[in-house]
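Student: For the sequence shown, our numbering gives the first residue as 1, with consecutive numbering after it.
Simulated from the structure, these hints should not be mistaken for lab results.
Everything numeric in this text was worked out from a predicted model, so none of it was measured.
A hint or two may mislead.
[What the hints assert, rightly or not] Below, computed lysine to aspartate or glutamate pairings styled on EDC-like, alpha-carbon distance capped at 16 Å:
#: 1; residue 1: 154; residue 2: 62
#: 2; residue 1: 178; residue 2: 28
#: 3; residue 1: 18; residue 2: 28
#: 4; residue 1: 154; residue 2: 119
#: 5; residue 1: 154; residue 2: 72
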Amino acid sequence: MLKIDNLELNYGVIRALKGITMEVNEGEIVTLIGANGAGKSSTLKAISGIEKIKSGSITFMEENLHRKSAQDIVKRGISHVPEGRRIFPGLTVLENLEMGAYLRKDKEGIRQDLKMVYERFPILEARSKQDAATLSGGEQQMLAMGRALMSRPKLLLLDEPSMGLAPILVREIFSIIKDIKKQGTTVLLVEQNARMALSIADRAYVMETGSIVLSGSGEELASSKDIQKAYLGG
Numbered sequence: 001m002l003k004i005d006n007l008e009l010n011y012g013v014i015r016a017l018k019g020i021t022m023e024v025n026e027g028e029i030v031t032l033i034g035a036n037g038a039g040k041s042s043t044l045k046a047i048s049g050i051e052k053i054k055s056g057s058i059t060f061m062e063e064n065l066h067r068k069s070a071q072d073i074v075k076r077g078i079s080h081v082p083e084g085r086r087i088f089p090g091l092t093v094l095e096n097l098e099m100g101a102y103l104r105k106d107k108e109g110i111r112q113d114l115k116m117v118y119e120r121f122p123i124l125e126a127r128s129k130q131d132a133a134t135l136s137g138g139e140q141q142m143l144a145m146g147r148a149l150m151s152r153p154k155l156l157l158l159d160e161p162s163m164g165l166a167p168i169l170v171r172e173i174f175s176i177i178k179d180i181k182k183q184g185t186t187v188l189l190v191e192q193n194a195r196m197a198l199s200i201a202d203r204a205y206v207m208e209t210g211s212i213v214l215s216g217s218g219e220e221l222a223s224s225k226d227i228q229k230a231y232l233g234g
């Protein structure tokens, strides 16, 4: 579904991505783990067109995404839930969700998807007329995920969905991610909580300073002594 080949991305003189190669198959949850500054978020931003790459290729559904705008990439079926949620303050919960469907013209499909989002996140329906900025951190994360799902993505990019959330909410968010996969959406997950990420991942890549240094199944990496020592506190 998604293939990245020898991808390089710079921020000025800083090499954020140093020739990474990876892939995401349809129906998988794939996770990127690594320390802060490893290049995980930069990888997602390159895929979604937020950051322009220096060299290499990103292919989605056998189409090269090079020089495609972020809007075109959303149209092709990739939706990005950014780090920090980035909900729209001053707009209601409902208006935020509608923004996720702004490229769509099928009113009945949008109505059905809104119903689906409310079924998955009942608190959003209860808060539908509330300013999104007044939601709790967990509610804002649910809103950001619901907004992304309103574009009917084939591939969902999630950047640090558990950041700043209480442990009980973290478990709920990861349960929702597994449910999203069951409903047919492929997921590429960036997550500091490596233990939780590996527990739901089909496959995982470990990043260090802009490079991929290890890959394997979620189970294999979770049982690796080196990974346990470096990222799982064991």
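Student: Hint numbers the structure violates, sorted upward?
Tutor: Violated hints: 3 and 4; rest satisfied.
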